[in-house]
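Need the complex rebuilt from these two chains, each delivered in its own frame; the hints are there to steer you.
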Amino acid sequence: MLKTEINELLTQTGPGTPMGDLFRRYWLPALHAEELPENDCPPVRVKILSERLIAFRDSEGRYGLIDEFCAHRGVSLWFGRVEECGIRCAYHGWKYDVTGSCVEVPSEPENSNFCSKVKLTAYPLVKVGDVLWTYMGDPAHQPGLPEFEFAQVEPEQTYTSKRWQESNWLQALEGGIDSSHVSWLHSGGLKSDPLFKGTKGNEYNLNDLRPFFEVAEADGGLFVGARRNAEDDKYYWRITPYVMPSFTLVPPRGDHPVHGHFWVPIDDENTWVYTFDYHPTRALTPDERQAMKDGHGVHSRNIPGTYRPMENRDNDYLMDREAQRRGETFSGVRGIAQQDASLQESMGPVVDRTKERLVSSDTGIIKARQKLRKAVEALRDEGITPPGVDPAHHRVRSAAVVLPQDESFIESSREALTARPGVAHSSV
Amino acid sequence: MTAPLRPILANACARAATAEEARFRIDRPIGGRSALVFALDGEAADVIDRVAERPWRGARFLRAGGGAVLRLEDELADADVAIMIGTADADGAAASAIARACAERGIMTAGLILGEQLEVAAAVSALRPFARNLMVTEDEDDVAEVLTALRA
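Same order as they appear, the protein sequences are chains A and B.
Quick note, the first sequence lines up with residues 2 to 429 if you use my numbering.
Quick note, the second sequence lines up with residues 2 to 153 if you use my numbering.
Any given hint could be a false lead.
[To be verified] Each computed SDA-like pair below joins lysine to any residue, with the alpha-carbon atoms no more than 25 Å apart:
| id | chain 1 | residue 1 | chain 2 | residue 2 |
| --- | --- | --- | --- | --- |
| 1 | A | K4 | B | P30 |
| 2 | A | K198 | A | R327 |
| 3 | A | K4 | B | A23 |
| 4 | A | K356 | B | A123 |
| 5 | A | K375 | B | I27 |
| 6 | A | K4 | B | R152 |
| 7 | A | K375 | A | D22 |
| 8 | A | K356 | B | A23 |
| 9 | A | K192 | A | K294 |
To be clear, the hints were calculated from the coordinates, so they are not data collected in a lab.
Note that the structure is predicted; figures quoted are calculated from it, not measured.
Excised from the complex, chain B in its bound form (with noise of 0.2 Å):
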């Protein structure tokens, strides 16, 4: 066995993280993600459309629970991630529809439940066998802030 080459070059091993050279690493621009954000009941619903209002990538809004009806087959056409928001009175069924339709098409889901940890138990329950991560939060900034963080 021959033995395994060391490194030369300062900029050929673990030295070369300074932060000089991190000025120049490649600095390719990054693609956003195709998010589809569904408000989950009514109150969700409002919430979607405040921060709906703020410019985003290409991040859709839609309202699912209550009976609303969804072509969910289009919506989630060129959808890579699925985020669920809602409140002590989300739709577990349409929690149930978006998500088997998401697992179908290899699409990742997420779940906000906004709300007193308490008084969201039932939602929260209801949500977790389908979104793979799941917040509990009293702050409804933390929608913006996880659509923020996920370049949606």
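One chain only, chain A, in its complex shape (with noise of 0.2 Å):
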């Protein structure tokens, strides 16, 4: 249960608000590479912290993240063309570069300098992996690009998807830490997705319906620790990583890649959901890859040309009460990515947490809302640097491991929870 204040603190991430000053002390997926695949392509239209914001490559490969609206009229640059080093606006031709900057007004005389004077808020974006990312803060504390293992492997070894969620970002992050819906909502997914069946895991996982939980600080975030009984006196461990503001990796399963989510909010009440596989040593299969493209494991099957999922809530989510019969789906839904937002998206867009029951078991929940508040709180009343801001509290691992029963999953897996390059992951 939160308190209105504190639900309306945590989830407003508009400019000006506290939370969305927190947001804009990282640096933020803004864009699939793929949606500016080449100099000069068109632009796209980006909508961020309830920022509308225009994205352009320009001739020089470029990448620029600016106001969507030109400052003459106010018309959108959407509706541009992207060519000579600039984006000129569709209705009187004024130009900005990737810095903002007007460059050109063709109203004015040759020799004007009318246009250095005008200049459109513009963000830095960069690529690292698969990801263009943005920094929307104070320039003066703009911090080291991102280390996510994930955007550091080779490309062949990773693979990232995207999708629009219709629901504030933090039910949708809440999601992402909470392990205790996996043996439910996605326990047929386990048996028969090809990126997740077949390992040793799972069987401790459908065996064992009622796993402990185990919450540790992490100094970017969480550390959360499901754990079920194994043979043998020990214990099988599913180590899931928060790293503040948004960030969630799901522990891996065989040798099957390793997954996770960025969340970053739209608006208040939508939320783009970034989804990646990577496999630390080795190259994705086609077959992997061909399953990720096709909404397999934790991925998406989205309408052609689109972000937007094909089970979705104009569609009620294409519910198949037959396969839910039959056990293929707990929920009727197919696809994890889609069971887990039709459920989240059921809440309303912003969940009303004054009303909610939670129990013990959302522990983790709980934490990461309190850490999450009192790092606003900090950054609004001393200026102090929230967590998951310096690379280094990128560079952990989830990991899935067997222990005997009086180790601490946090000490005994210090090693599996670090990024490491070429080293494999802690798999079971």
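Structure below.
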């Protein structure tokens, strides 16, 4: 349960809000790199943290992310032409470069310096891995570039997809921290999904539906351990890292790739979900890559040409009661991503947390909210840099390990929970 | 087999989940939990003394470690969650006794160990078998945070 004012504090990310200020201390995914595939390609509208922006790639390959609207008459630059190292407004030809500087006002005399006085808000846009990242805060506080392992490995080892979720970012993120729903909502996928099936870990998962949970602090956020009984007085641990503000990793299964999510607020009622799979030591196989494109694992199958999932709220998520009855899916919705999204969207755009009834197995969610609130207050009141900004905090991994019952999952898994280039992940 | 009925009203399909609709969701009052908070050592007792000063819906705070004598069968009679608070000196035997009594009665157990991860490792190990949900934290505020979230 959260009080109304705390719920609003955590869920509102527009300009000038405390949580918005927090998000503006981090590099955030702004676009999938495939959205700007070549120089002078069409521009893309981007809404992030409630700000409407336009992204483009100029004639020299530089990425720009600037205010969507022309300074002249407020026309959307999406209708503009990307040409000769800038984007030109379709209305009267005003032209801007990737820094947002106006470089040409055709109606002014040739030797006019008027355009030097016109500048649109602009944010840096940098490609790291398959993602174009932006930093929307004060340049004086701009941190080093992201060092998440999924974006650091070779291109053949990683795959990223993107989907639109019609809910506030926090209820989406909380699904990524909450391991306790997996044995129920996603039970069908553990048996059949090509990116999950056939591992020893799945047997532990399905044989023990009442896991114990342990939450521990991490430099950048949290580690949430879910333990189930294994053989010989041992525990099977699935360890989920959460890096603030909105990055989560799913514990791996066997030699399947590792996956996770970045939850980015579009506005207070919509979220971009960047979903990735990577393998630390080998290329993804053609079959794995195809399965990801087909919406298996934690990816979605999207309506072609969009990032909207095929199963969405306009079609009741293509509910299949027969598949539900047969046990192929627990909820009747196909695919892990939309199984989650369908339920999180059903809560309403911003769930009213004054009415929820948490139980102690929600400890990870409780602690994540508390960390977010404290970080927001520390930044607002004392200017303290929040956890997860330092790129060193990004170098985490999820893990699935079997440990003796008396061992700490954190201490025994320190190395397993640290991203180490060229070293395989710890997985069962 | 008959074809499944398709919803014909906007309020009978997923599109009904709007902000406007959410304002009118049935608002039945939610009862609190009957929570018992046990301090497993002296330092934890100081913490729960401070936390107990806040207004709670019915949570009760008890000292369990260090030889404190409790009539668990009485204390647990109407409880539905038991939260054990400990530090590096947490009394594992007390945790075991509480957890066993809770298990017999189907009462959920949770544990909060306060302190730096390495310093409280032994206490965590002692509590691990008995707390279905365990949090290791350096932040004393987490005790109140968890109780508030649980409507204790």
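Hints, one by one, checked against the model:
no.	hint	result
1	K4(A) with P30(B)	holds (15 Å)
2	K198(A) with R327(A)	holds (18 Å)
3	K4(A) with A23(B)	holds (17 Å)
4	K356(A) with A123(B)	violated (38 Å)
5	K375(A) with I27(B)	violated (32 Å)
6	K4(A) with R152(B)	holds (11 Å)
7	K375(A) with D22(A)	holds (13 Å)
8	K356(A) with A23(B)	holds (11 Å)
9	K192(A) with K294(A)	holds (20 Å)
Comparing the model with each earlier hint shows violations of hints 4 and 5; every other hint is respected.
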